[in-house]
Amino acid sequence: MKKKIAVLGLGNPLMADEGIGCRVIERLLSQADTYPDIDFIDSGTGGMSILHLITDRYKVILIDCAYMGTKPGTIKRFTPDDVQSIKKLAHQSMHEVDILKVLDLAKQLGQYPDEVIIFGIEPEAIEQRQNLSKTISQKLDHYISVISAELDVPAEK
Amino acid sequence: MSKNMNIDVKHVTRIEGHANIVVNARDGKIEKVQWQVPEAPRFFEAMVRGRSYEDIQLIVSRICGICSISHSLVATKAVENALGLEVTEQTDLIRLLMHYSEQLQSHILHIGYLAAPDFFGVPSVVPLVPKATDAVKTIIKAHRVANDWSDLIGGRTTHPVTLKPGGMTAIPSEKQLRELQATLKNTLADLETIAKVVLSVAGNVPQFERPTEYVSLKQTNPPTYTFYHGDITSTDCNGKTVLVKDWHKVANEYVVEQSTAKWTKWHRDSYAVGALARFNNNAELLSDGAKKTAKAFGLNKGCCNPYMNTIVQLAESVHVVQSSIAIIDKLLTKGVKQEKVTVKVKAGKGAAAIEAPRGILFYEYEFDKKGNCVAADICIPTNQNHANIQKDFEKLVPEILDQNEATIRLKLEMLVRAYDPCVSCSTHMLDVKFIR
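Chains as they are written, first to last, in the working numbering: chain A, 1 to 157; chain B, 1 to 436.
Source of the hints: derived by calculation from the structure; they are not laboratory data.
Here the structure is a predicted model, which means the values were calculated and not measured.
Incorrect hints may have been included.
[To be verified] Estimated spans, in silico, between C-beta atoms of each pair: (1) Thr333(B) / Ala125(A): 34 to 42 Å; (2) Arg178(B) / Lys107(A): 34 to 42 Å; (3) Asp377(B) / Gln130(A): 39 to 47 Å.
[As the list claims (entries may be wrong)] Keeping only pairs whose Cα atoms sit at most 16 Å apart, straight-line, the calculated EDC-like set for lysine to aspartate or glutamate is: (4) Lys370(B) / Glu54(B); (5) Lys29(B) / Glu405(B); (6) Lys2(A) / Asp148(B); (7) Lys141(B) / Asp56(A); (8) Lys2(A) / Asp151(B); (9) Lys137(B) / Asp37(A); (10) Lys4(A) / Asp82(A); (11) Lys411(B) / Asp8(B).
We put the beta carbon where it would ideally sit given N, CA and C, even for glycine.
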């Protein structure tokens, strides 16, 4: 049975800061007992599979590495309506999936959660290695505390 | 005859990764036809060196978000071959179930989200929703079944965590297997619906043929439409096979200027792998339902129309579901139990092959006596198809040069999407600007 709230970490931990979403989930999973009503999911680069992970939920929180035009290491909380995708690919490819398009599809299908929150984290390094950059790894505790604050907000339903 | 033309499609949409199509023609004469792959190549080989045999499958599962199960399974098999580990029949069957779940996941994704928009003449699946709502909902339902199925066996929808050299870290219960079987029986009806929808627009599948060598696995004992066991064969082999350990004799890699990805050839200048290759080598071994699906589309062994790869994926979807229903029967008859795995580490070298959804995938590893990886070699299906895509382009473009530029461009893009190449497969980030 799916829990009503899901926190999804997106990205690839083999590509340095690109994997920040997965690293955050790793940390949150270690304190999952504190949140019995929340599913924490490392959704990796599952692309369109995210559609199935967000349906039948009241609230979904997405954590992803994001180019936002901010300083590396910045974490920003926003909703899908706050942003416009400027990804180079105009349409969906199955890997280079634009999560905002997946959300659009969920909306069209009537499978959109009541609330979707995105935490974007500006990367410093996207390259082929498993470690996060120093800038990002030093802020990991900060990210967890910002995201935890969101987890403590009761869902609307 | 067409005039001047300058097609330069950067980053073909709706394929997994980045690649370019370039066609230049002057006064009706073709100057340049190229399939370019500018993406960075195979850094994952270096990434596993020095790592323990126990960690390999978890690392490589991140190579691709669509084929993560295939990468994990073939890596596990290669590790087992290197260390001389045997697995039980139960492990083998459960892994096969896991593998089939990915075939369904990936094929449905390709048929529904990549190819269907072309058949319906829309740019992506999003505008397809109002145009064919029920069809899209059925596709999404089947995709969801496949995802849940992967989750059950692999412990996660993508990037599985239940594999370990010699066995499994977790297995589904008999109750879960019974529930999965019931779901799969219902999915057969949904696949039939999807086939009918695709059949209704099958007139939009371009007619194009080019005699091609098709390479895939072949399993003779027992004869099986194989995705997992067996040796290597091709349509140029007259039924003969090559052992997997000799895969370098098959995938002869070479470097070309237009691509940073290596190309491969065997008996000819190029060969193709994937669903159509499996079909052309093993079609008579498909399940009854899959044969019926193929027949409805007039698909016969020996088909050399690469656009039909998508249709074979449809038939294979039926095949993997029917085969899995039978596998679950087998597992339930014997009863499932968690098995203990003991591994004796030793130095060794081993290769393995698997049919990923996009075609045959080769892995080879060497370990030192402590079980740490000292050498790795990977050859992915997409790299094996690049040369063949180029050869298809070279035959196709002169045949359609009198058509308008938009049609030529679409047909070339559709051709690339039919192969379903997975070109970069590594990053997935958001790129946004704030609008409020």
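Hints and how they fare:
A beta carbon spacing of about 53 Å between Thr333(B) and Ala125(A) contradicts the range 34 to 42 Å that was offered as a hint. Judged by the Cβ atoms, the range 34 to 42 Å given for Arg178(B) and Lys107(A) holds: they are separated by roughly 35 Å. Remark: the range hint 39 to 47 Å for Asp377(B) to Gln130(A) is contradicted by a beta-carbon distance near 20 Å. Taken as a hint, the Lys370(B) and Glu54(B) pair is honoured in the structure, with Cα atoms around 11 Å apart against an allowance of 16 Å.
For the given pair, Lys29(B) sits about 14 Å from Glu405(B) by alpha-carbon distance, which is consistent with the 16 Å threshold. Simply put, Lys2(A) and Asp148(B) have alpha-carbon atoms about 12 Å apart, close enough for the 16 Å limit, and the pair holds. Distance check on the hinted pair: Lys141(B) and Asp56(A) sit about 14 Å apart at the alpha-carbon level, within 16 Å; holds. For a cut-off of 16 Å, the pair hint linking Lys2(A) to Asp151(B) stands: about 13 Å separates their Cα positions.
Of the supplied pair hints, the one linking Lys137(B) and Asp37(A) is violated, its CA atoms being roughly 28 Å apart against a limit of 16 Å. Taking the CA atoms of Lys4(A) and Asp82(A), the gap is about 24 Å. The hint is violated against a cut of 16 Å. Distance check on the hinted pair: Lys411(B) and Asp8(B) sit about 14 Å apart at the alpha-carbon level, within 16 Å; holds.
This entry does not satisfy hints 1, 3, 9 and 10, going by the numbered hints stated previously.
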